[in-house]
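Build out the structure end to end from the sequences listed, making use of the hints.
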Amino acid sequence: MTVVMDGFGYSPGTAGNAILQAYTPTLDRLMAASPHTFLKAHGKAVGMPSDEDMGNSEVGHNALGSGQVYNQGASLVAEAIASGALFKGSAWGEIVANSREHRSTLHFIGLFSDGNVHSHIGHLKAMIAQAKTEQQRRVRVHILLDGRDVPETSALDYVEPFEVFLQQLRDENFDVQIASGGGRMNITMDRYEADWSMVERGWQTHVLGQARHFDSAAQAIETLRAEQPGVIDQDLPPFVIARDGEPTGRIVDGDSVIFFNFRGDRAIEISRAFEEETFAPFDRVRHPKVEYAGMLQYDGDLAIPKRYLVQPPAIRHTMGEYLAAEGITQLAISETQKYGHVTYFWNGNRSGKFSEALETYVEIPSDNLPFEQRPWMKSAEITDELIRQLKTGRHRAARVNYANGDMVGHTGNYQATIIAVEAVDLALGRLLPVIDALEGVALITADHGNADEMFELDKKTGEPQRNVSCAPKAKTSHTLNPVPFIYYDSRCRAAIVNPGDAGLSAVAATTLNLLGYQAPEPWDRGLLEFR
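Note that this note's numbering has the sequence shown beginning at 9, numbered continuously upward.
Hints listed in this document are in silico derivations from the structure and should not be mistaken for laboratory results.
Everything numeric in this text was worked out from a predicted model, so none of it was measured.
A couple of the hints might just be wrong.
To be verified - Lysine-lysine pairs mimicking DSS-like chemistry, simulated, CA-CA at most 25 Å apart:
id : residue 1 : residue 2
1  : 481       : 468
2  : 52        : 467
3  : 96        : 133
4  : 361       : 314
5  : 140       : 96
6  : 399       : 361
7  : 314       : 297
8  : 399       : 96
9  : 297       : 140
10 : 314       : 133
11 : 467       : 481
What the hints assert, rightly or not - Listed next, with one range per pair, are the computed distances between beta-carbon atoms:
id : residue 1 : residue 2 : range
12 : 423       : 102       : 48 to 56 Å
13 : 60        : 479       : 46 to 54 Å
14 : 236       : 296       : 27 to 35 Å
15 : 402       : 36        : 31 to 39 Å
16 : 381       : 176       : 38 to 46 Å
17 : 364       : 253       : 50 to 58 Å
Yeah, the Cβ is synthetic: ideal placement off N, Cα and C, and Gly gets one too.
In structure tokens, the structure reads:
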């Protein structure tokens, strides 16, 4: 049984550490009595460009499920831009040729920050600069404000220098402007079909130009913040930049559109809205005939989108595939918010099962509420069903994701995150006796940090930074901290062996070893030494 406590990093510091501040008798007992170590869950250990880059749920589950480290989207896009390969590819050529031929607009839509989890503003700037060199005459940018993978009210730190960048490029032959925007958790970037209304609001904003009008993105952000004290960037309402009452960047027939996120989970639904002729999730009002491309292909099995600028990582020989070939029954379970992580991402960005007969996937529908209002999320329901499934005796290998530490941690609400951590601990307390009764083993770990560092900390002193009211500045992004790896086995048949640099990819080989198999050659070695 592999338990992924999403967003549970490890830090010995207490400032803003919701995990240490929470009441966690089960975790405390495990850390005191069970073999454990800590695994790298960020940077190059999970395929990111550098060790300054946070890990995230996508790359974390790729590593957990594949047993190997692959260069991920951030690295692949950066390399493709640096080498010029992106601009020499057929997809880029088709996009710019279309807008030149029709004398139309080239649109960029995506997450507007340097968080490097879903996108990077540097990639956007490089593409805009290249568009100018290729005689594009009109470019519009639709910005999804972050405040989740970067500080929660940092939008102007990106918008203001970006406006300077655009002004330096702008001339009589090159018209480039921000056209629309809004918070990433308000518009456009839904995932796993949890809330199609987010995508509908994004469509109305970017495509139809139907949102509140402002003269500039900075004016929109400042005004909306003033009207909603305490609102953070990810939740800001949609806005449209207008001149003389008319939106400056509606998307119309003949235009070209690039969605510049490289991560797939929050890019699939908006891609479907652009590409599908028959479309049921919401009324698009009009469906402009555009040339559309994603930064990567977000779902290879379903071919979403059809056109993409950079080839995604080809993740092969995953644990799910190996176990299916060996006839091992598998269970994967989570709630909607992380269901795709224990299925699609775990299986190397592959939709569907390797074996319908051997694999059982269970999705517990998530609540459609702000996570801080119900921080226990669906941990109880997941555990109910997980225990029921395990007691059937059908599954030899199982995996579960508890989303609480990550999804509630991203809200920046410290007290709610403490409750989220306690909910996961309570779930573990219910689950482990069942593992014992079945004479099983639990591998308890996480995909990245989040709840372990809920305040922005001063790099020199380690103390929380303060806002104007002297309260600690909330941190909503992931952390660079390692994650725990706990080996729970009532018979204690093995000891942990960690050379000191092991990452999440070591968990797959560990699972195979426990099932009696040797991991295939490309995989990283396991973490256990059997007695």
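Original post:
Among all the numbered hints in the text so far, which are the ones the structure does not match?
Top reply: 8, 13
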